[in-house]
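Engineer: Could you put together the complete structure from these sequences and hints?
Going down the list, the sequences are from chains A and B.
Per the numbering used here: the first sequence = residues 1 to 283.
Per the numbering used here: the second sequence = residues 284 to 912.
I should point out that these hints are in silico values taken from the structure, not numbers from a laboratory.
Yeah, the Cβ is synthetic: ideal placement off N, Cα and C, and Gly gets one too.
What follows is a set of in silico ranges between Cβ atoms, one per label pair, in the way DEER data are often shown:
| # | chain 1 | residue 1 | chain 2 | residue 2 | range |
| --- | --- | --- | --- | --- | --- |
| 1 | A | E245 | B | T590 | 46 to 56 Å |
| 2 | B | Q415 | A | R107 | 26 to 36 Å |
| 3 | A | Q225 | B | V315 | 25 to 35 Å |
| 4 | B | K500 | A | R66 | 53 to 63 Å |
| 5 | B | K626 | A | Q225 | 18 to 28 Å |
| 6 | B | K336 | A | R66 | 22 to 32 Å |
Below 27 Å or equal to it, Euclidean Cα-Cα: the simulated BS3-like pairs (lysine-lysine) are:
| # | chain 1 | residue 1 | chain 2 | residue 2 |
| --- | --- | --- | --- | --- |
| 7 | B | K904 | B | K747 |
| 8 | B | K747 | B | K911 |
| 9 | B | K904 | B | K687 |
| 10 | B | K336 | A | K59 |
| 11 | A | K10 | B | K297 |
| 12 | B | K418 | A | K17 |
| 13 | A | K207 | B | K626 |
| 14 | A | K221 | B | K629 |
| 15 | B | K500 | B | K842 |
| 16 | B | K884 | B | K828 |
| 17 | B | K399 | A | K17 |
| 18 | B | K418 | A | K10 |
| 19 | A | K221 | B | K626 |
| 20 | B | K585 | B | K600 |
| 21 | B | K594 | B | K297 |
| 22 | B | K666 | A | K221 |
| 23 | A | K142 | B | K651 |
| 24 | B | K585 | B | K687 |
| 25 | B | K399 | A | K14 |
| 26 | B | K651 | A | K207 |
| 27 | B | K666 | B | K626 |
Which bits of chain B does chain A cover? Going by a derived footprint, with three or more residues having C-beta under 8 Å, they are:
| # | region |
| --- | --- |
| 28 | 294-303 |
| 29 | 313-327 |
| 30 | 342-355 |
| 31 | 393-406 |
| 32 | 411-418 |
| 33 | 652-663 |
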Amino acid sequence: MAVDITLLFKASVKTVKTRNKAIGVGFDSSKDEILRKSRPKNGFSCRAREVISNITKLKDFLLQHRKDYVSADSLISSDLTRMTDSERDQIDQDAQIFMRTCSDAIRQLRSEAEKQVSSSQVKEHRGAVLDLIEDYLRGVCKLYSEQRAVRVKRVVDRKRLSVSLWEEGRVEDELSPEEIQMFEQENQRLVSEMSSLVDEVRQIEGKVVEISRLQEIFAEKVLQQETEIDNIHQLVVGATENVKEGNEDIREAIKNNAGFRVWILFFLVMCSFSLLFLDWYDS
Amino acid sequence: MAASIREKQTAALKRMLNFNVPPLKNTAAEPVWKVLIYDRFGQDIISPLLAVKELRDMGITLHLLLHSDRDPIPDVPAIYFVMPTEENVDRICQDLRNQLYESYYLNFISAISRSKLEDVASAALAANAVNQVTKVFDQYLNFITLEDDMFVLCNQNTELISYHAINRPDIMDTDMEAIMDTIVDSLFCFFVTLGAVPIIRCPRGNAAEMVAMKLDKKLRENLRDARNSLFTGDTVGAGQFSFQRPLFVLVDRNLDLATPLHHTWTYQALIHDVLDFHLNRVTIEESVGPETGARPKKKNKKNYDLTAADKFWQKHKGSPFPEVAESVQQELDTYRAQEDEVKRLKSIMGLEGEDEGAISMLSDNTAKLTSAVSSLPELLEKKRLIDLHTNVATAVLDHIKTRKLDVYFEYEEKLMSKSTLDKSLLDMISDPDAGTPEDKMRLFLIYYITSQQPPSELDLEQYKKALMDAGCDLSPLNYIKQWKAFTKMAAAPANYGNSGVKPMGLFSMVMNTGSHFVMEGVKNLVLKQHNLPVTRILDNLMEMKSNLETDDYRYFDPKMLRGSESSIPRNKNPFQEAIVFVVGGGNYIEYQNLVDYTKAKQGKRVLYGCSELFNAAQFMKQLSQLGKK
Chain A
1 MAVDITLLFK
11 ASVKTVKTRN
21 KAIGVGFDSS
31 KDEILRKSRP
41 KNGFSCRARE
51 VISNITKLKD
61 FLLQHRKDYV
71 SADSLISSDL
81 TRMTDSERDQ
91 IDQDAQIFMR
101 TCSDAIRQLR
111 SEAEKQVSSS
121 QVKEHRGAVL
131 DLIEDYLRGV
141 CKLYSEQRAV
151 RVKRVVDRKR
161 LSVSLWEEGR
171 VEDELSPEEI
181 QMFEQENQRL
191 VSEMSSLVDE
201 VRQIEGKVVE
211 ISRLQEIFAE
221 KVLQQETEID
231 NIHQLVVGAT
241 ENVKEGNEDI
251 REAIKNNAGF
261 RVWILFFLVM
271 CSFSLLFLDW
281 YDS
Chain B
284 MAASIREKQT
294 AALKRMLNFN
304 VPPLKNTAAE
314 PVWKVLIYDR
324 FGQDIISPLL
334 AVKELRDMGI
344 TLHLLLHSDR
354 DPIPDVPAIY
364 FVMPTEENVD
374 RICQDLRNQL
384 YESYYLNFIS
394 AISRSKLEDV
404 ASAALAANAV
414 NQVTKVFDQY
424 LNFITLEDDM
434 FVLCNQNTEL
444 ISYHAINRPD
454 IMDTDMEAIM
464 DTIVDSLFCF
474 FVTLGAVPII
484 RCPRGNAAEM
494 VAMKLDKKLR
504 ENLRDARNSL
514 FTGDTVGAGQ
524 FSFQRPLFVL
534 VDRNLDLATP
544 LHHTWTYQAL
554 IHDVLDFHLN
564 RVTIEESVGP
574 ETGARPKKKN
584 KKNYDLTAAD
594 KFWQKHKGSP
604 FPEVAESVQQ
614 ELDTYRAQED
624 EVKRLKSIMG
634 LEGEDEGAIS
644 MLSDNTAKLT
654 SAVSSLPELL
664 EKKRLIDLHT
674 NVATAVLDHI
684 KTRKLDVYFE
694 YEEKLMSKST
704 LDKSLLDMIS
714 DPDAGTPEDK
724 MRLFLIYYIT
734 SQQPPSELDL
744 EQYKKALMDA
754 GCDLSPLNYI
764 KQWKAFTKMA
774 AAPANYGNSG
784 VKPMGLFSMV
794 MNTGSHFVME
804 GVKNLVLKQH
814 NLPVTRILDN
824 LMEMKSNLET
834 DDYRYFDPKM
844 LRGSESSIPR
854 NKNPFQEAIV
864 FVVGGGNYIE
874 YQNLVDYTKA
884 KQGKRVLYGC
894 SELFNAAQFM
904 KQLSQLGKK
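Structural biologist: As structure tokens, then:
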């Protein structure tokens, strides 16, 4: 269990102050207020804090309207707080635009932080701060996508309900009994076909939502691998360049070697011919 | 004591890292970033408990050593976690003068003295930074928790409070006082974090008694001061339903010198004995690259962390080694089966695009795909752990095979239980390919310690000659002779209880051919339960049994008003919780023995602590230093 000795510390400060006054060593305490560095208006941490406050605003907004958003709408529409679909779409759109602006702001901050010249510790610190903000944004986005998934599910369920209602509300025409029977049979067949189709469509819709979630995960992983693949690409390009240059150098060397050899041979042949000539000349 | 000491210390650390405000459960809270500055003591305390990822999750962007070069990072609060020593305080004052950070939260690992606090205050005044020093705390966390129920006092500067330092003949009173003060300070911090005032029992006439008296005095003083007492209020009441106080047993290393030298057979103790194992981190040298004639093998050092989250480790750290090898193999098989299932899913996915009627299969497959994708991170983590344990166990197995540690283990168990030996000691020592000289020395020392009467002069000369031929250093023997003479005067030598070691026979290939662990020629030894001296003493004291050894132990109760010792009413009921502390050093063999003892008894909890943790090699070094004096 930790003990808070801040008060003890402040008391020590007072003691030291009085002691200093007694000795005669004084520190001008009024100076420090003026000399306090005024924080730069557009400093890194100011802007980072702005981004965080924006994300918090989004989170509060989503949480506030969450109840209305996901409220199960009954067919008897008399509830005042119920949202229309258009309002929900509006919320979706606004939220998405907001999230995009936030992630753009984070990216901008990151590139600026890298360009700025500062010590490695400060760079590491800023990188970690931006990672924290990104994680926060991701958490808030998850809130939003959960809400949305619930809404989609409800829409799908509602369609199912409306199909069964539609089945019941059929109007009867005035036709001859045979035709009526035929029409009825035809109707039955159509209805069963439609309902099986609707079943399949419902299933597929549900699965599509799952697939979209999976795709999100895959996309994330693919993006992570993209940077690595870029690195590898750079390395491979560099390697091919080096190998090409190497080949050129080897070709040059072979040529030089060959040329050198030709000259040596020529020189030796000339020497031997000159020897023969001198020998013939002498004899 | 419902929460283990590890959880309590971790909770205290997390609270400190949250600016000393209890952390909220709200997961989607705004991130607040901070910088953590620690000294080496702080680093040792934090590293077994919190991984770097957890620090990041708590908002710590940078963690730096106090005495490194640090650049100014404006607009960031800094949390300091340091010991209140002279040089640390100077460095903090320097930081305040250089205006490195925006605000300072100072947390001292143990209580800071008034004069040093005034130094910090004057530096803050000089730098006009008094308002920046937002909070100052005494954390009382001056001990290192390694397991749920095991703690060590320190990892830095262990030679100051080592066995050697306490038992050397030329020790002065002032040195002894300083050592005792350090130990008592850490134990006091331990009890503050635990939130309980124990009943202290200790033997008479050695270092443990001195520690017990000082600790009793310190606890008593703190309890007297009702206003500032650390044991009242919410720490004690929170979640504590036991009305009984824990028992604190202090023993001295001199009680039992054979156990630290003993060769061992359980996984955690083997790793500590054979490999480089500190603060739950194993360092293994692996050679990389093919062995060509001219080029030397490159040695890579790899570090592995053995943490509480590693389920395999938690289950098997006390199991005998062959069991561990088998379990690793089993885990590998289950992992491969799961991997194959995931791969099969891929092939099903492949043919789904061609078959129209597979829409009905679609529902199954998407569900399977979702579950497979969500289980992938788990599978990857499992693979990593299996690889880790395979590497560690292979390294241990190599050592066992080259040094024939199983033979030593069996022989020593027989020595300690005084059963019949099938091979004479001289044969064991002169055997050239079994064990390093250190192993032989250990064996001989155990023989010397556990024999009822010392061997005759002639035998001794023979043994000494054999040992010297094998290349051993004989100075520990001098010290052990002195120790034996001393303890003979005091009490009967420790009885190691009836243990038996049943070898399950030699078998050439334990596993099938697919296994990595071919335990050829290594005996599969089964440990029978037996109690080491420390465990026996604990058993006597906890169950209030009457026994010659423990009746003479002193009894301290810090909560009672001081009276004469015999008139203090003693607790008559058996204790449910106990803490064993060995002054002078401890090791994993004793810890494992206590864990086994606790498992056998229902509803009892035992914590194990020691002033330092050493393995047999380090202990031998200390003994030889003592023997040379």
